[in-house]
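Given the structure of chain V, go ahead and fit chain P with the ligand onto it with the hints provided.
Same order as they appear, the protein sequences are chains V and P.
Heads up: take any position in the first sequence, counting from 1, add 66, and you land on this note's numbering.
Heads up: take any position in the second sequence, counting from 1, add 13, and you land on this note's numbering.
Hints were generated in silico from the structure; no laboratory data involved.
Misleading hints may appear alongside valid ones.
What the hints assert, rightly or not - Simulated coverage check for chain V against chain P, where a stretch passes if three residues somewhere in it have a Cβ under 8 Å from a Cβ of chain P:
{"id": "1", "region": "86-92"}
{"id": "2", "region": "101-108"}
{"id": "3", "region": "133-145"}
Just so you know, these numbers come straight off a predicted model, no measurement behind them.
Every residue gets a Cβ at the ideal spot worked out from N, C-alpha and C, and that includes glycine.
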Amino acid sequence: MCLGIPGELVGTDEEHADLALVDVSGVRRRINVGLLADEDLKAGDWVLVHVGFALSKISESEAQAVLDYLEGLGQAYDDELDALRQSDIR
Amino acid sequence: MRFVDEYRDAGKARVLAAEIAGRCEPGRRYTFMEVCGGHTHTIYKHGLEDHLPENVVLVHGPGCPVCVIPMGRVDDAIHIAAQPDVIMTSFGDMTRVPGGQGSFLDAKAAGADIRMVYSPLDALRIAQANPDRRVVFMAIGFETTAPSTAMTILRAAADGIRNFSVFCNHVMIIPAIKAILDSPDLRLDGFIGPGHVSAVIGCEPYEFIARDYGKPLVVAGFEPLDILQSVHMLLGLLASGRAEVANQYARVVPWQGNRTAMEAIRRVMRLRPHFEWRGLGFISQSALMLADEYAAFDAERIFELPGVRVADPKACQCGEVLKGVLRPWECKVFGTACTPETPIGTCMVSSEGACAAYYNFGRFSRDRVREATRA
Ligand code: SF4
Numbered sequence: 067m068c069l070g071i072p073g074e075l076v077g078t079d080e081e082h083a084d085l086a087l088v089d090v091s092g093v094r095r096r097i098n099v100g101l102l103a104d105e106d107l108k109a110g111d112w113v114l115v116h117v118g119f120a121l122s123k124i125s126e127s128e129a130q131a132v133l134d135y136l137e138g139l140g141q142a143y144d145d146e147l148d149a150l151r152q153s154d155i156r
Numbered sequence: 014m015r016f017v018d019e020y021r022d023a024g025k026a027r028v029l030a031a032e033i034a035g036r037c038e039p040g041r042r043y044t045f046m047e048v049c050g051g052h053t054h055t056i057y058k059h060g061l062e063d064h065l066p067e068n069v070v071l072v073h074g075p076g077c078p079v080c081v082i083p084m085g086r087v088d089d090a091i092h093i094a095a096q097p098d099v100i101m102t103s104f105g106d107m108t109r110v111p112g113g114q115g116s117f118l119d120a121k122a123a124g125a126d127i128r129m130v131y132s133p134l135d136a137l138r139i140a141q142a143n144p145d146r147r148v149v150f151m152a153i154g155f156e157t158t159a160p161s162t163a164m165t166i167l168r169a170a171a172d173g174i175r176n177f178s179v180f181c182n183h184v185m186i187i188p189a190i191k192a193i194l195d196s197p198d199l200r201l202d203g204f205i206g207p208g209h210v211s212a213v214i215g216c217e218p219y220e221f222i223a224r225d226y227g228k229p230l231v232v233a234g235f236e237p238l239d240i241l242q243s244v245h246m247l248l249g250l251l252a253s254g255r256a257e258v259a260n261q262y263a264r265v266v267p268w269q270g271n272r273t274a275m276e277a278i279r280r281v282m283r284l285r286p287h288f289e290w291r292g293l294g295f296i297s298q299s300a301l302m303l304a305d306e307y308a309a310f311d312a313e314r315i316f317e318l319p320g321v322r323v324a325d326p327k328a329c330q331c332g333e334v335l336k337g338v339l340r341p342w343e344c345k346v347f348g349t350a351c352t353p354e355t356p357i358g359t360c361m362v363s364s365e366g367a368c369a370a371y372y373n374f375g376r377f378s379r380d381r382v383r384e385a386t387r388a
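Pulled out of the complex, with its shape left as it was, chain V reads as follows:
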């Protein structure tokens, strides 16, 4: 649960300005981006996602580094992705 997972912004939410569609290791879910209100996010940007909220904007290379680290974690990362798959934030 403490993991911050990199996700790529792939779309916005028409109804809610503080939500965005984010692709996390192939799992696409709505994520709250309200904590990055100052960042002027756009599709293609990478963010660190933590319990359904984008916590910081990161570079693509950093995102790759973190993903690689997470994949090395094995079970803990799989559990986190499973949890994300169940997520349905609106």
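Okay, now just chain P with the ligand, sitting in the frame of chain V:
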């Protein structure tokens, strides 16, 4: 993937290791605490201690939020979950955390409606979908997670959702570090500061450690080379007699943190006068509760709680492990009575707990564990 290699590169690790050795004064022992469980995980997984000279010792800190939840709070949560109209929600990490009367898993087996969620916003959705039930979110975590809870409450308030509340167990890293600095049994030379907590709070809140205690702290990333580099930076600061806060993880952590996140916490939450940490005891102003304005969302005010203090099991030495006084395998029940399947203490539950990290990555072969635990 070039970047990844840059942070993993074995050749680089060797060069750094040699430079680290070169920065150590002969005959001096250096003890650094990595505060965050994520770092503990990396250190064990990659066997980083093998890259360090023997006189550089890394000890593990209290930075695993699951590990510091006292048993009485788990019991309180289970008490809430047992009300017939309640749906209790929590992160998956809480499932096995033992309370005085069992864990969430046990309570679920006994019929309580306890559901694991990915985000507090998912808990809020469950509340919207079940208007005739009271949905409670068991909030745990450091400053990394507290803003998410705060934002969820703001959302619930804005949308007028009345059957949602939060059982707030958010704790703060700075008072915990201070408690460790004030504890007489440990001599530390510096800290490896948490990465993601700092993305929220920034680097400034650590400055008292340098100013008042004369110890350096380096905020670090989670790659093996990040940690080696942080050790290198700490040794450099010590060698030049500079107690300072430095940021090794500037690619994620802005010096001033995330202002929006801090503002969300400030709006919704207040400092508790004191809070009990598992193994560390009561630490004043170390945790958050909901502000009076959000009392309608505060499970502690909605439900009558037993609030019974439960002493940790006798055999459990999590407190010593969380303070870095004992290494995990030095606990008498490590790997024997206490394993990730049957945890006695919380450090064995979360993958970020020092005992679980040690156990899972077998830095010690099982034989050596047996040896170490017999001794
Ligand atoms: S081995 Fe178990 S009881 Fe001992 S410190 Fe670790 S988690 Fe606590």
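The hints, checked one at a time:
1. 86-92: violated (count 0)
2. 101-108: holds (count 4)
3. 133-145: holds (count 7)
The structure fails hint 1 only (numbered hints given earlier).
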